[in-house]
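Engineer: Spelled out, the chains give:
There are 2 protein chains.
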Amino acid sequence: MSATLIPLAPTREPSLDALITLVASDMNGVNAVILDRMQSKVALIPELAGHLIAGGGKRMRPMLTLAAASLLGYPGTRHYKLAAAVEFIHTATLLHDDVVDGSGLRRGKRTANLIWGNPASVLVGDFLFSRAFELMVEDGSLKVLRILSHASAVIAEGEVEQLTAQRQVATGEDQYLEIISAKTAALFAAACRVSPVVAEAGEEAEHALECYGRNLGIAFQLSDDVIDYASDAETMGKGVGDDFRDGKMTLPVILAYARGSEADRAFWRDAIGGNRISDDDLKHAIRLLRDTEALADTIERARQYGRRAIDALAMFPASKSKSALTEAAEFAVARAY
Amino acid sequence: MSATLIPLAPTREPSLDALITLVASDMNGVNAVILDRMQSKVALIPELAGHLIAGGGKRMRPMLTLAAASLLGYPGTRHYKLAAAVEFIHTATLLHDDVVDGSGLRRGKRTANLIWGNPASVLVGDFLFSRAFELMVEDGSLKVLRILSHASAVIAEGEVEQLTAQRQVATGEDQYLEIISAKTAALFAAACRVSPVVAEAGEEAEHALECYGRNLGIAFQLSDDVIDYASDAETMGKGVGDDFRDGKMTLPVILAYARGSEADRAFWRDAIGGNRISDDDLKHAIRLLRDTEALADTIERARQYGRRAIDALAMFPASKSKSALTEAAEFAVARAY
Chain A
1 MSATLIPLAP
11 TREPSLDALI
21 TLVASDMNGV
31 NAVILDRMQS
41 KVALIPELAG
51 HLIAGGGKRM
61 RPMLTLAAAS
71 LLGYPGTRHY
81 KLAAAVEFIH
91 TATLLHDDVV
101 DGSGLRRGKR
111 TANLIWGNPA
121 SVLVGDFLFS
131 RAFELMVEDG
141 SLKVLRILSH
151 ASAVIAEGEV
161 EQLTAQRQVA
171 TGEDQYLEII
181 SAKTAALFAA
191 ACRVSPVVAE
201 AGEEAEHALE
211 CYGRNLGIAF
221 QLSDDVIDYA
231 SDAETMGKGV
241 GDDFRDGKMT
251 LPVILAYARG
261 SEADRAFWRD
271 AIGGNRISDD
281 DLKHAIRLLR
291 DTEALADTIE
301 RARQYGRRAI
311 DALAMFPASK
321 SKSALTEAAE
331 FAVARAY
Chain B
1 MSATLIPLAP
11 TREPSLDALI
21 TLVASDMNGV
31 NAVILDRMQS
41 KVALIPELAG
51 HLIAGGGKRM
61 RPMLTLAAAS
71 LLGYPGTRHY
81 KLAAAVEFIH
91 TATLLHDDVV
101 DGSGLRRGKR
111 TANLIWGNPA
121 SVLVGDFLFS
131 RAFELMVEDG
141 SLKVLRILSH
151 ASAVIAEGEV
161 EQLTAQRQVA
171 TGEDQYLEII
181 SAKTAALFAA
191 ACRVSPVVAE
201 AGEEAEHALE
211 CYGRNLGIAF
221 QLSDDVIDYA
231 SDAETMGKGV
241 GDDFRDGKMT
251 LPVILAYARG
261 SEADRAFWRD
271 AIGGNRISDD
281 DLKHAIRLLR
291 DTEALADTIE
301 RARQYGRRAI
311 DALAMFPASK
321 SKSALTEAAE
331 FAVARAY
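Each protein sequence line maps, in turn, to chains A and B.
Taking my numbering, the leading residue of the first sequence gets 1, the next gets one more, and so forth.
Taking my numbering, the leading residue of the second sequence gets 1, the next gets one more, and so forth.
Treat the hints loosely; a few may be bogus.
Since the list gives no way to pick one copy over another, a pair counts as held whenever it fits inside one copy or between any two copies.
No farther apart than 20 Å at their CA atoms in a straight line, the calculated lysine to any residue pairs in the SDA-like style are these [said to hold, decoys possible]: (1) Lys320 / Ala201; (2) Lys41 / Glu173; (3) Lys58 / Thr326; (4) Lys322 / Ser25; (5) Lys322 / Ala205; (6) Lys41 / Gln166.
In short, the hints are calculated from the structure, not lab data.
Keep in mind that this is a model prediction, so the values were computed, not measured.
Model the full assembly from the supplied sequences, consistent with the hints where possible.
Structural biologist: In structure tokens, the structure reads:
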């Protein structure tokens, strides 16, 4: 017999592991629907859609639908189709976003528009969007259809508003929050809300989970905004400085611009206007973002939204599902460090 | 008292006048929905959508929805929202089509993508598409939702297939008919079918009107194909030779290629491949289309589909509505002369 050293539990960084484990089995069901329903006799459709759908995304939104159902103890499988519909809507918006932004890299891979061209990306996006509605119609809940058709209109509205605000240095924090509430958080909210609808868990549970999703979505978007200035293409699977080169007024830039000296503000006007897109300019931008604490304060804002997401779950008793959703909200913020 | 000469009734060309008159009053209701529901707090959305929606389109599809309801004696107004939804879907596909084709002119006006750019056209198209589904959800018929979500997926599939066939001189007549059945005729068919659904007119009426719409749509598309080689930008409000320069294998070209001499086929391979896009090339193409009777035979094919559309109405008793729908099918063909 020998003495063994039992290590102390390490202080663990928040991760999505608990969420992934929680929904792993259900996710197989969702993946089966996704693979089945992205098929078409037109070969280019599954080819292009598969590039993105099989391309290493987290499936964050379907995971939320599944975890919300698990939180409510929903025993059925109706939400598989709806989670797939949510992922199709998300994939359609990614395809169109990459066309709109002229992006060449997503999740470390070449974008569909770069490989197959903008026309194919636009049209396959339209196909996936239509297919999402077909899935919802098959499920047959008008309430779910209302939630997701409204979310889709709100997303498109937010995307157009973002386009309008692009290269506009005068964009304020409130307007920006409105934009990301629409373009990002609306689908997170809808993904979480469809489960209490099919589980018939009542209005209060619907509102609580919608509130969780909305705030989680904002937290994710704000930490994404930070990551775009704080990482590199290799580690994040996304071109660093994309937002900078696209002239996007994200929260870090809004804060740095508001807090900057006259010289700094002149730099931002130039940069957001599209006249400073070199790597040196990007480095200078990151320096300004750090000096004005714009990155740290954006993370702090994200943390507030993460907390609101967690608080929205207060009405639900402790469970593995609740822990996983709580940790997901912590992860949404912690990933930007 | 003086003798007056009473002229003989002139042999009248078929027109859409009877249809327009038939639905004029209902169309005011549809237009009110369209104008109301294309609004958004994001000003660019109604601005861009209005350019196309108010831009002199015939509103062919909503007219069909209204005329079909009139044929069935439907006394309600539910179909106003659905006709508006159909027009929104159509407008969304036009916006995306112009991006896909890089078009600069539609209905004699500059296209939205030329004025506001491709990104705005893509995103406003997405908005209108989502809004269409919101309108259908408000109406609340799952059957209508099934018809139109399926039609939308079929349209997108057809558009992708057309993209795949572009610049492919090997495209055959059957494949082409499949493409236009999807990209054009599916929405005509759906526009006609929603009315018997809300009128609860029964499966037989649904199938008859769907059949009418589908065949009418094909007739319209084939005559459009002829017009693209037979008219000029001034009279048709569309750039002549667009299909030619885009390398689209439409039926006239498919027939001319099949019937051509070796030299002619070499010309078509070059032209469809994108290496002959001058005005002289277009003139030569039109000469080949005439010499091989490809234009005349495309019109003849269109006439067959027009007849099938008219025959589909056989089950309905004679009425002003039936006459108007019949004349619309005659017009679809006659306009290509």
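Engineer: Each hint should be assessed against the structure and marked as holding or not.
Structural biologist: Evaluation of the provided hints:
For the homomeric pair Lys320 and Ala201, the shortest alpha-carbon distance inside one copy (18 Å) is at most 20 Å, but the shortest distance between copies (52 Å) is not. When the C-alpha separation of Lys41 and Glu173 is checked against a cutoff of 20 Å, the pair qualifies only between copies, where the shortest distance is 18 Å, while the shortest distance within a copy is 46 Å. When the C-alpha separation of Lys58 and Thr326 is checked against a cutoff of 20 Å, the pair qualifies only within one copy, where the shortest distance is 17 Å, while the shortest distance between copies is 54 Å. Taking the shortest Cα distances, Lys322 and Ser25 sit within 20 Å of each other inside one copy (17 Å), while across copies they are farther apart (56 Å).
Taking the closest pair of Cα atoms, Lys322 and Ala205 come within 20 Å of each other only inside a single copy of the chain (13 Å); across copies the shortest separation is 52 Å, beyond that limit. In this assembly of identical chains, Lys41 and Gln166 lie within 20 Å of each other by CA distance solely across copies; the values are 17 Å between and 38 Å within a copy.
When each numbered hint is compared with the structure, no violation occurs for any of them.
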